[in-house]
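Asker: Sequence:
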Amino acid sequence: MGIRSFVAVECPDGSLHARFEEAQGRLKATGASIKLVEVENIHITLKFLGDIEDHQVGEVSRVIRDISFEPFEFTVEGVGVFPNMKRPKTIWAGISSGVSELANLFNVVNGGLMKLGFEKDKRRFHPHLTIARVRGGQNRDSLVDALLGFEEMEFGKVQVDRIYLKKSVLTPRGPIYSTLTESTLSADI
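If you number the sequence shown the way the numbering used here does, the last residue is 208 and the count never jumps.
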């Protein structure tokens, strides 16, 4: 059995978490069948690795620690859904600035991990922060109405100066994340 893992950018505790909780509360109030993501688990996935072996943790950690990148910030603004408003499954907060920097970081991470044999992501990178998942069709119209009211909601800014290799343990109450490796980003490494 491997270690379920991914590489991510996290959102630090603070005012951003309060804004996530505010949005989640308004979504929950619609009576829709949704599962909220715990605010401390909200992140941008740069690469989902799936189950990796113990020896791969060290290899991936080395790749992550070797990444040299100028710190930057991104702005969290607006709410959207995957795949669409008619059949929302994933509710996310969007990124309105810093997208190109996140895309560059995504490419650097993926390039380094491809050298270890990990497959290149086939989907286009769409940086987002998942805040809830839709479980069923109950009160979908109320949910969509609420979502339309969030299109221009401003959450705040996130300073990106490190990336994380995270372990994910799935439980009936939701995933539990822990950090395997933390790497500070700096062009001066």
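Simulated from the structure, these hints should not be mistaken for laboratory data.
The structure presented is a predicted model; accordingly, all values stated were derived computationally and were not measured.
Don't take every hint at face value.
[Unchecked claim] Derived lysine-lysine pairs resembling DSS-like cross-links, with alpha carbons at most 30 Å apart: (1) Lys108 to Lys47; (2) Lys134 to Lys186; (3) Lys141 to Lys47; (4) Lys176 to Lys186; (5) Lys134 to Lys105; (6) Lys176 to Lys108; (7) Lys105 to Lys141; (8) Lys186 to Lys139; (9) Lys54 to Lys108; (10) Lys47 to Lys134; (11) Lys108 to Lys139; (12) Lys186 to Lys141; (13) Lys105 to Lys186; (14) Lys47 to Lys186; (15) Lys134 to Lys54; (16) Lys54 to Lys105; (17) Lys47 to Lys139; (18) Lys47 to Lys176; (19) Lys134 to Lys108; (20) Lys139 to Lys176.
[Said to hold, decoys possible] Pair by pair, the computed Cβ-Cβ distance ranges are: (21) Leu135 to Arg45: 38 to 46 Å; (22) Ser161 to Glu78: 30 to 38 Å; (23) Glu41 to Arg181: 25 to 33 Å; (24) Gln157 to Phe101: 13 to 21 Å; (25) Gly156 to Arg45: 16 to 24 Å; (26) Arg181 to Gly77: 40 to 48 Å; (27) Ser80 to Ala48: 23 to 31 Å.
A virtual CB, placed ideally from N, CA and C, is assigned to each residue, including glycine.
Asker: Indicate, hint by hint, whether the structure satisfies it.
Answerer: Right, here's what the structure says about each hint:
1. Lys108 to Lys47: Roughly 15 Å between the alpha carbons, so the hint for Lys108 and Lys47 holds.
2. Lys134 to Lys186: Distance ~21 Å between Lys134 and Lys186 Cα, so the pair holds.
3. Lys141 to Lys47: Measuring from Cα to Cα gives roughly 33 Å; hence the hint is violated.
4. Lys176 to Lys186: Roughly 25 Å between the alpha carbons, so the hint for Lys176 and Lys186 holds.
5. Lys134 to Lys105: violated, 40 Å
6. Lys176 to Lys108: Roughly 25 Å separates the two Cα atoms, so the pair holds.
7. Lys105 to Lys141: holds, 25 Å
8. Lys186 to Lys139: holds, 20 Å
9. Lys54 to Lys108: With Cα atoms ~10 Å apart, Lys54 and Lys108 stay inside 30 Å; holds.
10. Lys47 to Lys134: violated, 43 Å
11. Lys108 to Lys139: holds, 25 Å
12. Lys186 to Lys141: Holds. Lys186 to Lys141 sits at ~22 Å (cutoff 30 Å).
13. Lys105 to Lys186: Violated - the C-alpha atoms of Lys186 and Lys105 are around 33 Å apart, more than 30 Å.
14. Lys47 to Lys186: Answer holds: Lys47 to Lys186 is near 28 Å, not above 30 Å.
15. Lys134 to Lys54: Violated, at about 36 Å.
16. Lys54 to Lys105: Judged against 30 Å, a Cα distance of about 18 Å means the pair holds.
17. Lys47 to Lys139: violated, 36 Å
18. Lys47 to Lys176: holds, 24 Å
19. Lys134 to Lys108: Roughly 33 Å separates the two Cα atoms, so the pair is violated.
20. Lys139 to Lys176: Holds. Lys139 to Lys176 sits at ~29 Å (cutoff 30 Å).
21. Leu135 to Arg45: 38 to 46 Å: holds, 42 Å
22. Ser161 to Glu78: 30 to 38 Å: With Cβ atoms ~48 Å apart, the hint is violated.
23. Glu41 to Arg181: 25 to 33 Å: holds, 26 Å
24. Gln157 to Phe101: 13 to 21 Å: holds, 19 Å
25. Gly156 to Arg45: 16 to 24 Å: holds, 19 Å
26. Arg181 to Gly77: 40 to 48 Å: violated, 19 Å
27. Ser80 to Ala48: 23 to 31 Å: Violated, since Ser80 and Ala48 (Cβ atoms, about 42 Å apart) do not stay within the stated range.
Violated hints for the displayed structure, listed by number in ascending order: 3, 5, 10, 13, 15, 17, 19, 22, 26 and 27.
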